[in-house]
Amino acid sequence: MLSRAEIFEKLKEILLFADNKNRAVIEKCDESTKLVTDLGFNSVSVLYMVIAIEESFGIVFDNVSMNDFETIGDVVSYIEARLK
Amino acid sequence: MNNQPNKAKLFSLKYFFVDFVRVTGALPTLLWYRPKILYENETAKQKIKGGALVISNHNCFFDPVYVMLAIWYRRHHFIINQEFYDTKAKWFLDRVMCIPIDTKNTGFQTMKVINDHLTGGDLVSMFPEGHINDGSGEMRQFKSGMVLMSMRAKVPIVPVYVREHKPRSSGLRVVIGEPIDINKLYAGRPSMSDIEAITNRLFEKENELKAIAYQ
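Chains as they are written, first to last, in the working numbering: chain A, 1 to 84; chain B, 1 to 215.
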């Protein structure tokens, strides 16, 4: 099973591929980075990220909505819980 | 891509209400509006088979009816705003197979419902402007969610343009464009910039259809 750090790195790769305008901010991001205020994500960006995560990690996002994820750490925690 | 309509669904009690509304509503609306359906080209004339996402401009409250008249041979699942769904209209909207979406906080479950319909061979219809436009004749900027839906379900997008039309007048014109398969345009997963570019392209396409509608 992937460690939390490995999940974070894989998620960072997804974000870097998704948003090539914001590379500098994403490269410096950590788990406390906020998706909307720091990375400038909107509803479509979050949906894109979810689709990419589902495909990359082989998990399903269920019974959650966009507002449930404020920071990158929230997303990592969700992935970690789903992988268990 | 699922190009086969699900024939098991053709005669189902589940669709009794929506089919009743379609059949009983078709004749008076056809007589009243006398719609003229135009096509962008020969490919656009082909009937839509299997899962597809229909997008249209949004001039007025009756646009879903006009879109249904144009693509009369399929049942539509219209994506509607949660605020509108949470009214007394809910009972009716459920039975005519609308899919509510909370645009302020979209639940991933809603996206899965849409994806399941599309991959299951259904026709999902939506208005990517998000709201009825301001009546100036200009469309609002499109939202990109439709591209993600199409990309995920691997179904084509069918652009439709409804010419601005007073609900009580006749002579309705609807233009149907050639289906666009974005999964063929982008091998692999497009980036967000690509998605924005596709959204802009679809907006341009609607303007091309608009030009045909006003010829």
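Don't read these hints as lab results, they were simulated from the structure.
Don't take each hint at face value.
[As the list claims (entries may be wrong)] Only pairs whose alpha carbons sit at most 20 Å apart, straight line, appear in this in silico SDA-like list of lysine to any residue: (1) A:LYS12 to B:ASP194; (2) B:LYS143 to A:ASP74; (3) B:LYS210 to B:ASP102; (4) A:LYS34 to A:ASP74.
Now for the hints, and whether the structure bears them out:
no.: 1; hint: A:LYS12 to B:ASP194; in the structure: holds, 19 Å
no.: 2; hint: B:LYS143 to A:ASP74; in the structure: violated, 26 Å
no.: 3; hint: B:LYS210 to B:ASP102; in the structure: violated, 29 Å
no.: 4; hint: A:LYS34 to A:ASP74; in the structure: holds, 9 Å
Going down the numbered hints, you'll see the structure goes against 2 and 3, while the others check out.
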